Amino acid sequence: MRIEKRLQPSQTMVYLSPILALVLTVFAGGLLFAALGHPPLESLAIFFIEPLRDTYGWSELAVKVTPLLLCATGLTLCFKAKIWNIGAEGQFVFAALIGGAVSLQLTEVQGFWVLPVILLSGALAGMAWAGIAALLLTHFNTNEILTTIMLNYIAVNLLLWGVHGPLKDPAGFNFPESALFAEHTLLPLLSFDYRVTVALFIALFMVVVIWVLLARSLLGFQLRVLGENRNAARFAGFNSRAIIWFLLLFSGAMAGLAAISETNGPVGQLIPTLSLGYGYAAIIVVFMGRMHPLGIVLASMLLGLTYLGGEMAQIDLGLPKSITGLFQGMLLFFLLGCDLLIHYRLVLKERAFGVATT
Amino acid sequence: MSQENPTRLELIGITKAYPGCVANDAVSLKVAAGEIHALLGENGAGKSTLMKMIYGVVKPDAGQVLWNNKEIAIEGPAQARALGMGMVFQHFSLFDTLTVTENIALYLSPAEYGSVSALRQRIVEVGEEYGLAINPDREVHTLSVGEQQRVEIIRCLLQDIQLLILDEPTAVLTPAEVAQLIDMLKQLARKGCSILFISHKLHEVNALCDRATILRGGKVTGSCIPSETSAGELAKLMLGDELVLDHDLPPGNAGATRLTLCDIEVRPTSQFAIHLHNINLELKAGEILGLAGVAGNGQDELVDLINGELKPDRGTLTLDDVALADCSIVARRRRGLGTVPADRVGRGSVASMSLTENQLLTGYVNHGVRHSLVNWAAVRQRAADIIGDYGVKATGPASMAGSLSGGNLQKFIIGREIEQQPKVLICFHPTWGVDVGAANHIHKELVALRDRGTAVLVISEDLDELYLLGDRLGALCGGRLSPVRPKAEVPLEQLGEWMAGAFGNAQEEVAHAH
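Protein sequences appear in the order of chains C and H.
So the first sequence is numbered by this note's numbering: it starts at 1 and just counts up by one.
So the second sequence is numbered by this note's numbering: it starts at 1 and just counts up by one.
It should be emphasised that the hints constitute simulated quantities derived from the structure, not laboratory data.
Remember, predicted model here, so these are calculated numbers, not experimental data.
Where a beta carbon is used, it is the ideal one built from N, C-alpha and C, also for glycine.
It is possible that some hints are incorrect.
[To be verified] In silico SDA-like links for lysine to any residue, alpha-carbon gap of 20 angstroms or less: (1) H:Lys311 to C:Arg234; (2) C:Lys80 to C:Ala242; (3) C:Lys80 to H:Ser354; (4) C:Lys5 to H:Ala351; (5) H:Lys219 to H:Gly402; (6) H:Lys393 to C:Gln8; (7) H:Lys52 to H:Ala26; (8) C:Lys80 to H:Ala351; (9) C:Lys321 to C:Leu44; (10) H:Lys311 to C:Asn231; (11) H:Lys311 to C:Arg2; (12) C:Lys82 to H:Ala351; (13) C:Lys80 to H:Gly346; (14) C:Lys5 to C:Arg345; (15) C:Lys5 to H:Lys311; (16) H:Lys311 to C:Thr138; (17) H:Lys311 to C:Leu214; (18) C:Lys5 to H:Ala26.
[Stated by the list, open to error] Per label pair, the in silico range of CB-to-CB distance: (19) C:Pro272 to H:Asp343: 50 to 56 angstroms; (20) H:Gly63 to C:Asn231: 35 to 41 angstroms; (21) C:Leu36 to H:Ala82: 54 to 60 angstroms; (22) C:Val209 to H:Ser328: 26 to 32 angstroms; (23) C:Leu16 to H:Ser28: 52 to 58 angstroms; (24) H:Leu373 to C:Leu158: 54 to 60 angstroms.
So here's chain C without its partners, still in its complex pose:
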């Protein structure tokens, strides 16, 4: 058996690869459960099917999808242009900190403008955090992968400082948490029976926005060219610097909105473990979703399910919650492996001479 380069990249494999990766993840997950002494099929059912047994389960999925999808819309544009922003996590956390501080400030203030201001503060904070990486990239040619990852750690520590220090709830028995946000600073729920907020609509709207941007706008075309062939973009006179600034600021804003959708949604306060790794999981969402707007909607549902499944496995199987990270990691691992088959193919046996292979 050997690996051989395809004459042309396989379009079929582009779409088949995420499905194959899911199948392999389920299989490997089954082996993992078995190795941990749990019946594999039942455990898999608990992880993947049990969370979606009822309407409440689906609503919880929508709660998880909201921040994932928001982060993923920004990252989709970045990755199309091959700007590897790994910093949605840091942008999310920094925006949560700033948005949280603004929310606490507005506890006593009423007005129709309160929520828009909070959303805006989150978006601007995310942009500011991403802007640092944009500045370093466009003016000092610093690798954005490294700077955005490092900024993630800085942001997490700033949040810890915030909840241990100035933003700590005075009446909170010294727990490192902020006070609960006031009712009027929270995003409106879609129904009082569920935790889904209007942020879901913002996320879906942003999906439409990037869809139009990619398919119809000159900017969408230019950023795709930038990703495919930087020399051609330069030759044609595209302003690469401006495009890079736009991409990082936009994805920062989206991560910022994602943060507000969590802090001023289901969570309702600042806590040290605010982000469950949505910024990182969104990277997997974008790759699983093949950088297509429709694809990332489906992929964000899958990744959202790994959070719910992880919680189920904690409750029913007594497994640690890191099981979520394990499944997410396996998905990415198998996806990258299967993506090899887009450009290469496996040749099982040496064929005899004269047999045409196409």
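Starting from the known structure of chain C, fit chain H onto it as the hints suggest.
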């Protein structure tokens, strides 16, 4: 070494084919002991492939190699080294973070150098012997490019060397370093070592080499003694057999000046860039100006300068009396400047995108975009029109650019630029690697464009093409521009001399970059 300079290396009928091209076609050549032999040829003539076969990096499909009059088959570089060959590649294979001694130790087997301290001593000795002073303890990243080349040469000289192969060794050197290198090579040759020297710089070949073999399109087109051959003749051997001057195409009627370059200087921005000096050029409406020149003499820089990718350090560019200095690439295109780059796959198009999208790549400037939204139907329609009007063989506007042959992609790119109705069109290598039919088509389109009043600048290595198209001709050498005169006043010999840098006041400095 025995008397009467015996033959050191002989190649007979060496042939090597790659899918889609024959890199070497029945190449024969002979190098005597102690001879400095130049291998001349334009880019893609097959020089590097031939060198790699001699050094065992690539195996020939057919032909014989005779080493000291014995037929041998070279299995790999290790064997070539054991026989007494050394090669200095164009791009060095050194580890930046290791010292000179460590780099050389990696290249040799421990049996060859004994101990590291002995090796260090040998490096100093060999360096002194050949005037290649180098501190063996310095890390390679602290060395200049010229010094790095010395390391490469020294590591060849440590063994008992009989043939040294250098692939365009002077491309990265300053003029002073070139002079030093030439002295060193002559000294080495006097000791009986043969030298194979790849170059496309005619004056260096004249200064250094005993014999020259000229390759064109993978075949040997001639062999001569450079000191007895004029630069014009060398250029002719390199670039075209017997020039068939074709006067089928009517001459142009030059009108008002469109593009003016005045006292332009561009300093090099990287190691491999060429310094442009004192470029003065006027391009008139309704004429085609042809610029000849061997690759790497400033053509890339000139095109980038006009397109707006490079900023001049001195001098002015004007298009229809408007200064271009502060105009971005897009602003220049809006004013009517079109450019066809030499690298059609790397810069002129995006291989993984459709022809429709590739039409938009530069066409967006004045077509198909409103309120920053793309009218894909219009863009697709124009791409389809270009495919039809310019005879592009493609299944349709949805074909990927990368799936087209070079000639068809070039027709598409030229069509894309012409459809924008430029006032000035810069064409760099318009028909390089393009089949004859496509080339004729492109030539006709360029003449038609000229007759509609566009000023066309054609930069090419193909002299047939320049004499066919050009109304006025000139040449670039070492970043300087020769005089530009009407075609009838520029015989081939004259153009050849210009290409070798022999044009009036620029002569006293060795016409060379840096």
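Starting from Lys80 of chain C, check that the Cα of Ala242 of chain C is at most 20 angstroms away, please.
Between Lys80 of chain C and Ala242 of chain C the Cα gap is close to 16 angstroms, so the pair holds against 20 angstroms.
Given the hint that Lys311 of chain H pairs with Thr138 of chain C, does the C-alpha gap stay at or below 20 angstroms?
With Cα atoms ~19 angstroms apart, Lys311 of chain H and Thr138 of chain C stay inside 20 angstroms; holds.
Ser328 of chain H and Val209 of chain C - C-beta distance against the hinted 26 to 32 angstroms:
holds, 28 angstroms
Straight-line alpha-carbon gap Lys5 of chain C to Lys311 of chain H, limit 20 angstroms
violated, 42 angstroms
Sort out whether Ala26 of chain H lies within 20 angstroms of Lys5 of chain C, counting only the CA atoms.
violated, 31 angstroms
Is Lys311 of chain H within 20 angstroms of Arg234 of chain C, Cα to Cα?
Holds, at roughly 14 angstroms.
Pair hint outcome, Lys321 of chain C versus Leu44 of chain C [Cα-Cα no greater than 20 angstroms]
Roughly 15 angstroms separates the two Cα atoms, so the pair holds.
Does the structure keep Lys82 of chain C and Ala351 of chain H at a Cα separation of 20 angstroms or less?
Status holds; Cα separation ~16 angstroms.
Restraint check for Lys52 of chain H with Ala26 of chain H, where alpha carbons must lie at most 20 angstroms apart:
holds, 16 angstroms
Is the hinted pair Lys219 of chain H and Gly402 of chain H satisfied, with a Cα-Cα distance of at most 20 angstroms?
violated, 29 angstroms
Taken at face value, is the distance from the CA of Ala351 of chain H to the CA of Lys80 of chain C at most 20 angstroms?
holds, 16 angstroms
Regarding the pair Lys311 of chain H and Leu214 of chain C, is the alpha-carbon distance no greater than 20 angstroms?
Outside the cut-off at roughly 32 angstroms; violated.
The structure fails hints 5, 11, 15, 17, 18, 24 (numbered hints given earlier, in ascending order).
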